[in-house]
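Protein chains: 2
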Amino acid sequence: MPYRDFSLLGATAKLSGLAQRAYDLTRPTALSPARLQSMKASACGFDLLYATERLDEEALAALQQLADEAKLVEQFMVMKKGGVLNRIEGYASEERQVLHTACRDIFSEQPHMPEATAKAKKELEKLRIFLDDLASGKVVNRNKESFTTLVQVGIGGSDLGPRALSLALQAYALPGREARFIANVDPDDTAAVLAGLDLSRSLFVVVSKSGTTLETLTNEELVRAALARAGLEPKEHLLAVTGEGGPMDDASRYLASFYMFDYIGGRYSVTSMVGAVTLGFILGFEALVELLRGAWEMDVTGEKTDIRSNLPLLMAMIGIWNRNFLGYPTCAILPYSQALSRFPAHLQQCDMESNGKSVTRQGKAVTWKTGPIIWGEPGTNGQHAFYQLIHQGTEIIPVEFIGFRRNQRGLDIKVSQTSSQQKLVANMLAQSLALAQGKDDVNPVRRFAGNRPNLVLVAERLTPYQMGALLALYENRIAFQGFCWNINSFDQEGVQLGKVLATKLLHILADANTQIPPASEAKSVEEEMLRQAGML
Amino acid sequence: MPYRDFSLLGATAKLSGLAQRAYDLTRPTALSPARLQSMKASACGFDLLYATERLDEEALAALQQLADEAKLVEQFMVMKKGGVLNRIEGYASEERQVLHTACRDIFSEQPHMPEATAKAKKELEKLRIFLDDLASGKVVNRNKESFTTLVQVGIGGSDLGPRALSLALQAYALPGREARFIANVDPDDTAAVLAGLDLSRSLFVVVSKSGTTLETLTNEELVRAALARAGLEPKEHLLAVTGEGGPMDDASRYLASFYMFDYIGGRYSVTSMVGAVTLGFILGFEALVELLRGAWEMDVTGEKTDIRSNLPLLMAMIGIWNRNFLGYPTCAILPYSQALSRFPAHLQQCDMESNGKSVTRQGKAVTWKTGPIIWGEPGTNGQHAFYQLIHQGTEIIPVEFIGFRRNQRGLDIKVSQTSSQQKLVANMLAQSLALAQGKDDVNPVRRFAGNRPNLVLVAERLTPYQMGALLALYENRIAFQGFCWNINSFDQEGVQLGKVLATKLLHILADANTQIPPASEAKSVEEEMLRQAGML
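Residue numbers (this note's numbering), protein chains in the order written: chain B, 1 to 536; chain Z, 1001 to 1536.
Please keep in mind that the hints were generated in silico from the structure rather than gathered at the bench.
Each hint should be verified, as a subset may be incorrect.
To be verified - The list that follows gives simulated cross-link-like pairs (lysine-lysine, DSS-like), each with its CA atoms no further than 25 Å apart: (1) B/Lys523 with B/Lys504; (2) Z/Lys1138 with Z/Lys1126; (3) Z/Lys1364 with B/Lys439; (4) B/Lys499 with Z/Lys1414; (5) B/Lys235 with Z/Lys1414; (6) Z/Lys1235 with B/Lys414; (7) B/Lys81 with B/Lys304; (8) Z/Lys1504 with B/Lys439.
What the hints assert, rightly or not - Going by beta-carbon spacing under 7 Å, a handful of chain Z positions derived as facing chain B: (9) Lys1040; (10) Asp1188; (11) Ala1191; (12) Ala1230; (13) Gln1338; (14) Ala1339; (15) Gln1348; (16) Phe1386; (17) Leu1411; (18) Val1415; (19) Gln1422; (20) Asn1443; (21) Val1458.
Unchecked claim - A short list of chain B residues far from chain Z (calculated; beta carbon distances all over 12 Å): (22) Gln110; (23) Glu236; (24) Ala287.
The beta-carbon is built from N, C-alpha and C at its ideal position, and this holds for glycine as well.
Produce the entire structure from the sequences given, and follow the hints as far as they go.
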């Protein structure tokens, strides 16, 4: 399929014109009940309320045209069917398929990529048996005790998604099961986690596709040393999630190994074994399957060409409207759910690492804006923190609210005739209206300009199914936006330069540690940087 | 003192001109060892390396001129000496002094505000006695057991700072002491925290200056109900931090009360009783005093007029250079220290709630940019997440790195001849250089444009003293920037509209709960919003 540059799509000119007279949310009748009713889309248990975006029917039609011209759904289907979308034409690049959706396609009678889905099923079956063995007492520690804690050792995509989802679903954890996470090469991270553990009843799952990630390998050594100091046999406590046949695929060093595949990028790997081992351990296999089912159903939703029926695509187009036509550089993701407190950090990676690019899939410099800066914290906490700037600052911040009608844990209390859950959701909806409408006042400090675009995603309850659907909603939104911007959302060349320079600095430090005298009198910038920082 | 608008200061025109030819960090010799040596400032154990900012001597001189013209240090002294800086001339406003520095001025022989400092000392002395009573066994639970856990119940300024600093200094916690936090009105937040507690050995400190914060009062009720269900007497487990004489200053309901004062804003209250009770509980009184000493010494540093000797002022001016003259909308704070993982969230509040304003201190609309969007996560984690966009995205993000030469907990390991701590710091410094210098390549995907401005703050070790200094460094930087922009950094009128609308929505829900029929046929936007979200 020939890709076209974003700037060459006919709809972009039309949308630029429409943006000059974007829907004014501050007019007295701008937010009518009729508008609230009509600007709503639903899928997989989620309702998307987008009347508080600066959109009218004409702009929506132009966004549909943009999606059609850029063939976004066709590209999505190419992705699902194994097209080599992780590439740059004419230049050295990863040249890989992009098949995280195949992990979820296990529910299809006719999966798009039968082989990849079969492999995913095989790993799931291995995991099911391993979890059964843990439950039945077949896999226990040397004292015949069950394992209570699973510590995931990984970084980036091997950490953020699994961590965010573990936290999100902690309310459903099996009795006596908990997950912990070690990511940072900062030795205090590992030390703090290890300090709180009963090592004898802990398993560690080391996650690295290549088996060569600096942080992960270093932390694995710290963990092995701690286990040995405690008189335990490391091999009996360590699991690996890694590429088949790679350096970590070694039965002599790990109790069990689960495989991840080249065609699943780290940031899209939550529904592969990268997330499944830990989520399966704390939630049980059935709940894990429900999570995958939610993701799968959202993947199927992504196949619809009408933006009003395709939630990920609609959110992608709204994001592009705000980013490229209204010109806003960031997007805040504000879940009104403490359980989702680390979900924005996961999306920060998934979105910014995917779409923080400046080069097209043909290797040309882009002349349009690509991925925004993604950030956010849960509400209502944020209302007492940074919302001041969102309401009255000099930067306009598009906001995505996420909320649920029911809580997870069943504990609640009525104060002043409403429950805490009602207060939580009422606050979210009030913020949505306040940002959109604004308010005039004789006192200039109490004026709110309004026209702060935002949308609300709301579902019944944050269950494993709903979490899977939410995850895939954002993953697919990100992919649609990357397709539209004609960038490769699946590589991460931007992380290389820092790695190269870090290696250079570490060689200087290693030489200093072993007292090798510096090679020459002339100091390099790298050496001087270390000196000024007091490291030499 | 007559305030002058930012746009009317002579230096702003000069700086606008200089920004057109801002220092190019990508030239081959741009980052010489000599530049690294000269662009360094130090105070209170911190070295600030700023050679990787797009600044030269001429721009620095113009920033000094800007600081002088805007009388920033004079305004800082007015603040410390009790000037009513929380006000808008000619309009209804809070009309308050801004005296968080008085909490730290306890080390001065001649405090700037003797009365406020005496009050701070009095509360500290009450706290010292209370902590002694806990240690000596005078204050125990009904079974004569000591208290092991202190749960802080508060939101915004009564949560973020104390939480960030507790986490930062957890390595120094007294044996058998831990802190937990409840903030969100989301009932799952409270339920999750309560589920992990031995209630009989837990104290709860409820923090609200006004004694009327919706979230905090609601969560206090949940806590009281849980204590009662466990057969405990709530009054024996609850402490209050609140305004003297306010609704929560009630000895019949709390085991002890500590006072906070109107002249200390929530987001600047970490070094008042708002943070001191919890930090004192986990760290002990001596460590708390060390933290205050670090903050005090940084406050004293803030009195110097030379920007090269005044770390908070220098960072303020660098921030203004990036924000107003180079035009960048955000600022990322990236600590290479897992212990500081929640410090960016605290600064997000402190900065964005202070300087996310659009009106001058004379009630006029600003015509210049004010506070940026603040966000960040710890490195090296971020390197495997969002750094792709920082290096190669279409938005330029000024970065502030924070690191330490030694770890806190003493556990480390050498892999490939370097320790984890060396790897951590080397990665931070490498990122600083990489962002500045960039790199060309024949492959366009491997090109790095460079000129990404950043600075590095580095100190020996994250101790209580160093944490206090870091906190005050940022607090004072934020105040200096607000002074320069001629805005009131100490109010938060922008949070009001959301509160008003939330109350409106909650009335509708309360009526629905009690089955009062709607007042009229015509549906309001608020009611329709609730209906579309499935809440009615």
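Any hints this thing doesn't respect? Which numbers, in order?
-> 12
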